[in-house]
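Asker: Respectively, the protein sequence lines represent chains F and W. Those letters in the first sequence? Residues 3 to 309, by the numbering used here. Those letters in the second sequence? Residues 496 to 820, by the numbering used here.
There's no promise every hint is true.
Unchecked claim - Label-pair ranges, simulated between beta-carbon atoms: (1) F:Gly-117 with W:Thr-630: 30 to 40 Å; (2) W:Asp-635 with F:Phe-270: 23 to 33 Å; (3) F:Thr-180 with W:Trp-581: 55 to 65 Å; (4) W:Gln-738 with F:Pro-136: 43 to 53 Å; (5) W:Glu-728 with F:Arg-92: 39 to 49 Å; (6) F:Val-274 with W:Ala-579: 39 to 49 Å; (7) F:Val-274 with W:Val-805: 54 to 64 Å; (8) W:Glu-728 with F:Gly-220: 20 to 30 Å; (9) F:Leu-6 with W:Phe-793: 53 to 63 Å.
Stated by the list, open to error - Chain F stretches covered by chain W per the calculated footprint, using a threshold of three residues with CB under 8 Å from any CB of chain W: (10) 96-102; (11) 109-116.
As the list claims (entries may be wrong) - Derived list of chain F stretches under chain W, where covered just means 3 residues or more per stretch with a C-beta under 8 Å from a C-beta of chain W: (12) 170-182; (13) 294-304.
The hints are simulated quantities; they were obtained by calculation from the structure and are not laboratory data. Even glycine gets a Cβ: it sits at the ideal position worked out from N, Cα and C.
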Amino acid sequence: MTALIAEQILNGLQLGILLFLIAAGLTLIFGVMDFINLSHGSLFMLGAYLSVTFIGMFDNFAFSILLACLSVFMIGAIFEVMLVRRLYNRNHLDHVLVTFGVILVANEAVSMIWGSVPIFSGLPDALSHQVSLPFGIEYPSYRLLVIFAGIILAGGLFYLINRTRLGMLVRAGASNRTMVSVLGVNIKLLYTLVFGLGALLAGFAGAMAGPLLSVQPGMGEAILIQSFVVVVIGGLGSINGALLAAILVGLIDTIGRAFMRDILGFVFSPSVASDAGPALSSMLIYILMALVLFFRPEGLVPMQKRN
Amino acid sequence: MHGRLEIQSIVIPLLAIAIGPIVALITDDVYVLHIFERALIFAVAAASLNLILGFGGMVSFGHAVFIGLGAYITGIMSNADITALWLQIPAILAVTGIVAMVMGLIALRTTGVHFIMITLALAQIFYYTAVSSSTFGGDDGLVIYERSTFFGLYDPWDSWQFYGFVAIVSLGLIWLVTAVTSSDFGLRLLATRENPQRSAALGFHVLGTRLLAFVIAGMVCGLAGMLLANQSEFATPGYANWQRSGELLAIVILGGVGLRMGPVYGAFAFILVEHTLASYTNHWALYFGLILILVVLFLHRGLAGLVERVLRPRAAKRPEFEEAR
């Protein structure tokens, strides 16, 4: 039982890390540019498709992931320059609609190029075995790699935001956009870089999640909605909040799915439990979000913003 | 402009219900009626969304939940042999009204992006309930074996009579929403959108006004769900999916947000584009996505705004009111 619980906690952590990578991009883009990007899930999907394609072409796992990330960074930057840039001075409704349109276009484009049938990417042999962890836990090595790579990338992101000049500009842009541009910073370039960085994070998450999920059109949407839940729970624009909320949502979602039926079984009849269990476990994160918004509308770790 | 019905608001819905039968007679093909039934149903749903989005400035990303609720209640009652509309309609109004009230009370505490996200989250809760309710078909949806009846006044399985039923209900609901937006209440709603502080200072109950609009919109949209359930003989969780809510937003924008007849134009354009493109290509959503992007970028007030600019070039320069922010 403890091994099962520990394994589910690790799974939850792994989902949380993936969610953080996507939510970090969303929240950065929102915090700095005040832009709602529904098509962020499409960048996640592109990362997954490109990495699978590159693995087929080069037969080198690490190199393919890297190449997929760089490609998604470029695609994100081009997307920002061509379309997103025109929308910064529009209202949020326009952001939602245009990026909703982009989702439709991206899904159809992907199914035209790669077909609408899910594709599965095999793991390299070195990563497709189980690792023995302390306390007798057996855990797939690839999932462990996802956790570690995610933690390293998240650490890199925090370093970038908190310790570098670019990060300083990003933080400055998030707290007072007008002031930054008045001080002579090339705000257009900064916006493009931030958008590209968000795309890169989503692309990396997609590339790493590819072997764990079925790669298919529309795969970005489920995770996009969850990431938005993370962003809102954490506080719009707040990276620290996104990290906290991502781990929270990842753990609650995974553990809910694994154990909700058994927990309900203690109280209700088995048929009720097997019916309500999956429903309630899928709803948990939305209920959490509604509760957080009800009691702390600005999120768990609100961003400090001066106007 | 306000306080009285415009000619347009009376004529356009009448034209909208007439166009289907005319095309059906010309092409001698009863099947086209089904397409126009769908257009009318979406026009009603979009009109209800336009009430809160265009006039109340509330960007709800979960409006499709009411279509789902209306469809499921209709399906469940019809399959239990309660097909009478005089029983179904009060049931739908009661349930959607209560759900909208609860949803509104939670969501209206927030504004802006948070409002978008919380309506989305609340709609997802309903979606997952429907997906896992194995009694009502779960993921596969609920097949409806009986259509609604009204004292035997019409035969729901006759294509023409069923179209008449959909047309009359849709017409009534679109006019109802138009009347609401033209009423004093509609003006108060506009005022709360334009400047909540000032409206409160003038003595309007801002939350109450918004909540009432939200509840009316939910109930009207529930009836659109009732029509859709009858039309498709099916209720599925997919009706309440967040993509459907996005489509409803898209229809309102396509037509022209905050313009009374926008939803009618938008719904007809949406259904016709869907139907025409779907017969040429499997990837019609690609073109719809492109159209949506272009409309948002360049067609400021949607199709209704375009029509207005052509018909009344001078009047169109002074917009009735600015679009929702």
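Asker: It remains to establish, for every hint, whether it holds in the given structure.
Answerer: Hint check:
1. F:Gly-117 with W:Thr-630: 30 to 40 Å: holds, 36 Å
2. W:Asp-635 with F:Phe-270: 23 to 33 Å: Given range 23 to 33 Å: holds, Cβ gap about 24 Å.
3. F:Thr-180 with W:Trp-581: 55 to 65 Å: holds, 60 Å
4. W:Gln-738 with F:Pro-136: 43 to 53 Å: Given range 43 to 53 Å: holds, Cβ gap about 44 Å.
5. W:Glu-728 with F:Arg-92: 39 to 49 Å: This hint holds: roughly 41 Å between Cβ atoms.
6. F:Val-274 with W:Ala-579: 39 to 49 Å: violated, 31 Å
7. F:Val-274 with W:Val-805: 54 to 64 Å: holds, 59 Å
8. W:Glu-728 with F:Gly-220: 20 to 30 Å: holds, 26 Å
9. F:Leu-6 with W:Phe-793: 53 to 63 Å: holds, 56 Å
10. 96-102: The restraint on the region 96-102 of chain F holds, since 5 of its residues have a Cβ under 8 Å from chain W and three suffice.
11. 109-116: holds (count 5)
12. 170-182: As far as the region 170-182 of chain F goes, the hint is violated, because 0 residues have Cβ atoms under 8 Å from chain W.
13. 294-304: holds (count 3)
When the structure is compared with the earlier hints, violations turn up for hints 6 and 12 and for no others.
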